[in-house]
Structure formats: structure tokens, C-alpha cells
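As you go down the protein sequences, you meet chains A and B in turn. Each residue of the first sequence is one higher than the last, beginning at 17 in my numbering. Each residue of the second sequence is one higher than the last, beginning at 653 in my numbering.
Honestly, I wouldn't trust all of these hints.
As the list claims (entries may be wrong) - BS3-like mimics (lysine-lysine), calculated; alpha carbons at most 27 Å apart, straight line:
1) B/Lys1047 to A/Lys169
2) A/Lys157 to B/Lys964
3) A/Lys157 to A/Lys126
4) B/Lys1047 to B/Lys964
The hints are simulated quantities; they were obtained by calculation from the structure and are not laboratory data.
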Amino acid sequence: MAGGDAALTVRNLSAHYGSRQVLHGVDLCIQVGEIFGLLGRNGAGKTSLVRAICGRLAPSAGSISVGGNRPDGASVPSIGLVPQDIALYPALTIQENLEVFGRLSGLSRKATRLAIEEAIDVAHLGERLNDRVDHLSGGWKRRVNIVAAMLHKPALLILDEPTVGVDVDARNALHRMIQMLRRDGTGILLVTHDLQQAELLCDRVGILLNGRLVLQGAPKMLLETAFSGRGEFIIEFAEILLDGQARTLRDMGFMANENRLSWHLVGDRTLDCFADVKRAGLDPREMHFRQPGLDSLFLWLSQQQCEYASEGVA
Amino acid sequence: MIISMLRVMALSLVRDRGALVLSFLLPPAIFVIFAAIFSATANDELPLKVALGKGNNVEAWDRFEEVLRAEPSLRIVGATALDPKDVSRQVEQGTVDAGLFIRGETGGDKVPPLLVLTEPGKPLAGGILSGKIRSLITAEMPDMALSTTVLAIEPLIGGLTPAQTERLETATAALATGDRNLDEAQDLVETAFVGPQKRHNAAVTYCAGAVAILFLLFSSMQSAAVLIDERNSGILDRIAVVPRGPEIVVHGKFLFLVAQGVIQASLIFATAAGFYGVDVIGNLGLWLLVTLAASMAAAGLALAAAATCTTKQQAQAVTTFIVLVCSAVGGSMVPRFMMPLWLQDLGRFTPNAWAIEAYQGTLWRGEALTEMLPELGGLLGLAALSTMYAVSVSKRRLRV
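Next comes chain A alone, as it looks inside the complex:
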């Protein structure tokens, strides 16, 4: 996969913080014009992988190549990084911020001006170009946050939770922007906890668990492989269940979501579950049936890992 069109190639990457290994032989390739979603729980190794790609964390083994260059600070910036925080100068206007980050990316004055003109079209910034960043809404700030990282047309754009804390309209606008960048040929690494967003936007996703990229592929393919067209039954409770009730649901094959209010069951006989749940004396707030999504896959993988870990302990 690491041909000439690769925006990012990571081979057998391992990294340590002191004596603690945080990445275990990660292999990853993102093609030009592809959005790759990097999923994983907190502490799974997402930030470490991003830091290694940006050249901030030295690998203990393996290699990283971005747009053909190593990200060791010696080459032209092939990466644009959009941090999770609003990494802009609040007292400067949108235009001034973009000028600063364009110039810092190594663009000439003229190239920066042209890049800003292009960005205005892509992100529809024109109407508020002369507004100070600290006067903008969250959605607008997020938009500028992304634009500031793409002015130099990087081979790889890393988006770290780009839509966190914004409303639906702003989120949709940001999604349109990300899709336009893909069309322009930018390779995008989208780091997110928002599994719906990943499913909607990403050409491929990878799931990191404890520093290992345990699964990667197109969302549909992964879901098909994992669930083979089976349905998913979801029941929601208003309160966390008592231990006995939770045990009953587990015995029926349900898996609890992270918040322990939502229980999922993937299988062929999901329609029978309505009756089973009622029979067990449980009183859910809501029950529904759907096609499994990435969140189901994520839950299933986490469950597998827990079982694997407990078997290992045993």
C-alpha cells in the first residue's frame, strides 16, 4: 500500500514513554485523498501515534514516512496539525491568524495570500474575515482552526477531534469542509471518539487498543466481517442496573456500553429479545433495533479484549 500515492506510511512502529511501551508494531498507510479514522478509548495510544507521526515522539522501532519525507523536522512541512484545542491567537482577526500560520508554514507572502483566498472559498470565511478570533462562536473557531493547518496544502492533515463542542449545523459545515479537502487530494488522519462521525466521513478506520492497531479497513467491510448482516438490539435504561439485573442481561448475551445505561446485543434472534427482557422483569426506557455501527464494533472489540485479558489472568 505504501506506493507513491501514500500520504502517510507507518511501518511496524513501536514507541515508549520511559520504560512503558505505548505503541506495539503499528502498521498504517493513508492514501492521498483518503480519510482514515483513528479510533480508540482514552489511553489507547492515539495521541502517542499522532506525536510520533509529527516527530515529537521518537520511535523505538519502525519507520514513518509522510508524503515521502520523514517527519524529523528536516524537510518541508508535509503535515498540517489541527490540535483539539483552538490553537489560534485570540486577539488577532481570522485574516491575521491565517497570515501568521501561512508564513509559519513556510509559504511566501504571495503564496500565503493566494492560499488564504482559496481557503476563504473552501471554508466560507469571507463574511467574518476581519473579526477577531475571540469574538467568534465555537463553530467558527473550529473552522478557522482547520483552515490554519491546511494553507500550505500538506500531504497529510491530522485532525484531532475537530468537531468537539460544536452544534449540529457547525458540525455539518465542518464535515463538508473535510470532504472538500479529501476531494482536493489531501490525506486525512481523523482522530475521534465520535464513531458516527467516523462512519460517516472515513474511507477507512483503524481501532487502537492498548497501543495495537487491532483492526483497520473500510467501515462497511469491517461491520460486514464482524456482524455478517446480523441486526443489533439496543435497550436503554434510565438508571444503572442492579448487579443481578446486569447479570441477567449478560447471560442473555448483552454487552453494556461505556455509560452502563445502554445495552447491546448483536445476533439473529434479536426480535425475541423484546419478550425476553420483559420476562426478566426489566423496565427499559427505550428499546430499538438497528443495523450495527462502528460503536457496536468498538463495543464488541472491547468485550473481546476484556475476555481475552481475563482468560490470560486465569
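Here the structure of chain A is known, so what remains is to put chain B in place on it, guided by the hints.
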């Protein structure tokens, strides 16, 4: 609820160890320094550095020279000069706080035997030395005081009778052996200023230099703290993927701080020139060089402090500490000659002392560039080293 907020503040401080240590170490440290300065002035223990000279045929004053050299509150610098010009030059160059030239007995021409030379910027040093001399003569050499007084009176009263002369010689001998004492020694000391005669300019130049470097340090420290905001907001993460990103950030800020410093110093010296007649225009080239060097030193030091601190609380404490200590010890708050000798020696290694001396050299003493190289070297060296340190720490902070 109020207690909850108090608890938040207390826990935040306790968990920021750097800020905690500085919050509670800084006050006593600053107190020790100021106590050392002010206790010296209050206890008549100002240790003046004095250049000493002595004319020909003044053997009678040899004992006085011994008394001077033995006096613990005076530091007689170097060998005894034979020409008052040599003493004057040392005072003008600022290597000593004041000078003393022993003319000896001058007969009836009413010229006091001792000449105290002082820089107009340090009139207090001359006053202190004169007082110290009178006190030493009264206490240690009352015979000399009496002889000098009689020499001054004799022409006015038409000479002494043989009997009076005999009684006087007996009294003088008794004073010399300590059997009697004399309360006052008058007309012994004359004070003169060295250097250009625009006396107030020296004091104003000193003050302008002292205030300029103080504000350069304060404002640079404030502005450099933006580095911490940038680190926390993720701007440095964004810039980290740019080749030589940390260097660009630190060097860009360095340039801004230098420009800001030059403007601040220009405003201070423009006021000094406009209202007090300090000749900045006549020495513009060297003044600009000193101002650039001082601004660069302040900028470098501020960036080094900001790069070292991890939180704004730490930065606040560290920068306050640096500015207060450098300004107190370096002479921005109290002239250095008023400090104990160990503090004076310590003060020689502060940007404040270098900047003040360089401004004095340029605007008052009219020194050439070569004479100011030590001070300029200190300022530029500090600027270079601290900026390199800031770049290095900023780079390291971006590596995990």
C-alpha cells in the same frame, strides 16, 4: 461556597510545586537582600571604595594614610597615586565610589589639606567619605586636627606668643598620646566634583539608565509569558510540525521584545533629554548600541524564564524574583555603593549594573566604545546565552 473556592485556590497552589516553592521562598529571599542593603545604610556601615592620592612633602600625613587603610568601612583601591588627576580619573571611570587626595599643610592660603573627589551622580558618596574622614581625624588623630585649626587661626590673630605656642605644643602632644580629645576637626576637607560640570545630568543619567533597564526587564518578562499560553493552547503543537518551528517562535518573540525595549528606552531617554538636558542626541550611536544590547539581554532573559516555567503562576513568581533581585542588587533601586561589599560584588553580574554603567559611560563620562566593551559584552553575552537556552528548552518541551 466561599470555603470551596478557597480550597480550589489552595489545592492548585499546593499541586504546582514550582509556584509553591517560589511563592513562599521569594518573600524571605527578597527580604534578605533588602535587609542587607538597608541595614548597611542604617548602621553607618557603607563600605565605600576609595581611590587615594598623596602630594609631595606630606610625611606628616603618613599616619593618616595608615588610619585610612586600617578603617574597615573603607576599601582603599590600588596604590597611592601621586597626582590628583589619577584619583579623579578613577572616580570618573566609576571604578571607585569616591577619591581622596592628601594635599597636606598648605600654610595660610586657606586651602584644606584633604580633597574629596566625587562623581556628580554619587554626591552621597562624597558626603559620606568627608564625614568619615572628619570622624577618623577626630577620633584617631586629634593632634593633627588641632594643628590644622591653629594654622588657620594664627594669621587672623596676628601670631601666638611664645607661652601660647608652648601651651599649644603641650596640648597637641597630649592629644597625640590620647590624654585629651577634640570634638571637631574643621576646615580639613574640601569636596569637589569630577568630570563634566553638568552635575544634575549625571544623577539623571544614572536614574534614566536604572529605570530603563528595570522596565525593559519587567515588560519583557510580561510579554514573554505568552510562550506559556501558546504551549497550553496547542499553538506550539501546530508549529512543531514546521521545520525549525521552536526557533522561529523564540526568535520572532526575541525580535519583538527587543523592538519593544528600544521604544521604551527611547521614551525614557527622550524625557531625560527634553526635561533635564541629558545629551542623548550628541551620543546617539553609542546610546542606541547600549539600548539595543540592554533590550536584547532583557528579551533573552525573559524568554529563558518563560521557556523554563510550565505554568503562568510559576512564571509570575520566577520573573518577579529575577526582576526584583537583579534590580535591587544591580543598582536600579539603590545605588550599588550603598550596599555591603559582597552585594556590590554580586551586583557586578547583573544586566542592571552593566546597563547603568554603559549608559553612564556613554552619556556622562563620554567614553569610547572600547571602554564600554566589558558592559556591552556582558549584555550581549547574556542575550545570546539565554536565547539559546530558551530555544533549547522550547525544543525539548515539544519532544515527549
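Hints, one by one, checked against the model:
no., hint, in the structure
1, B/Lys1047 to A/Lys169, "holds, 25 Å"
2, A/Lys157 to B/Lys964, "holds, 24 Å"
3, A/Lys157 to A/Lys126, "holds, 25 Å"
4, B/Lys1047 to B/Lys964, "holds, 19 Å"
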